[in-house]
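Novice: Read top to bottom, the protein sequences are chains A and B. Residues in the first sequence are numbered from 1 upward in steps of one, following this note's numbering. Residues in the second sequence are numbered from 1001 upward in steps of one, following this note's numbering.
Just so you know, not all the hints are guaranteed correct.
Some, not all, of what chain B presents toward chain A, calculated at C-beta under 10 Å [as the list claims (entries may be wrong)]:
1) N1031
2) G1040
3) L1045
4) F1048
5) G1058
6) I1060
7) R1068
8) L1090
9) C1091
10) R1094
11) T1097
12) G1103
13) E1104
Pairs of lysine to any residue residues, derived as SDA-like cross-links and limited to a Cα-Cα distance of at most 25 Å, are as follows [stated by the list, open to error]:
14) B:K1057 <-> A:S26
15) B:K1055 <-> A:T101
16) A:K107 <-> A:L48
Don't read these hints as lab results, they were simulated from the structure. Here a beta-carbon is modelled for each residue, glycine too, at the ideal position from N, C-alpha and C.
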Amino acid sequence: AQSVTQPDIHITVSEGASLELRCNYSYGATPYLFWYVQSPGQGLQLLLKYFSGDTLVQGIKGFEAEFKRSQSSFNLRKPSVHWSDAAEYFCAVGSPNQAGTALIFGKGTTLSVSS
Amino acid sequence: DVKVTQSSRYLVKRTGEKVFLECVQDMDHENMFWYRQDPGLGLRLIYFSYDVKMKEKGDIPEGYSVSREKKERFSLILESASTNQTSMYLCASRAYTGELFFGEGSRLTVL
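Kindly produce the complete structure, drawing on both the sequences and the hints.
Specialist: Following this line, the structure appears as structure tokens:
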């Protein structure tokens, strides 16, 4: 079955420290991979996406993610976290054959930033 | 800029009422989606539509229906609202490049 697992429900990081949010997926073929961020009371905003090619992708707000096929992982990283990064983060997978298909989302990781 | 607009940010309804949640996108996307978001459960797909008048059930369609009369508009309908439908509802449309664009969400409370 297709699924996305975000093992960490809640993470607290000190401001200025590095961040890594984990994402593992189960999918029949190499999927499209996405990370979204959601601030309280808001919709989801796309941080970055991977379709093919270079396995290290850069996104907005200084985030990057690395696709590792052998580990079925797509972890999100940021070298130095800012207080404004506190939010909920969702990993998602989708079919390259996109017609009539939806993205599958993980349950999310809540990031808190301490000063 | 890409825009997905949900008509109501906050709604309070009574049990048994009929509820309409409207969503409009201005990007000429063919695929549109309704998700429900609850704490600890992430986003769960209710229905999606891949063309005008076409719809497919998602993972949790019970108690919901949808309407897509025009390409830009996708409505979610709760025929008889129940308290267990209190939730955040998110509409999205899918770009030809694969990613979803989301609206701001509609927080529904059913009393």
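Novice: Can you name, in rising order, the numbers of the hints this structure does not satisfy?
Specialist: Violated hints (numbers, rising): 6 and 7; every other hint is consistent with the structure.
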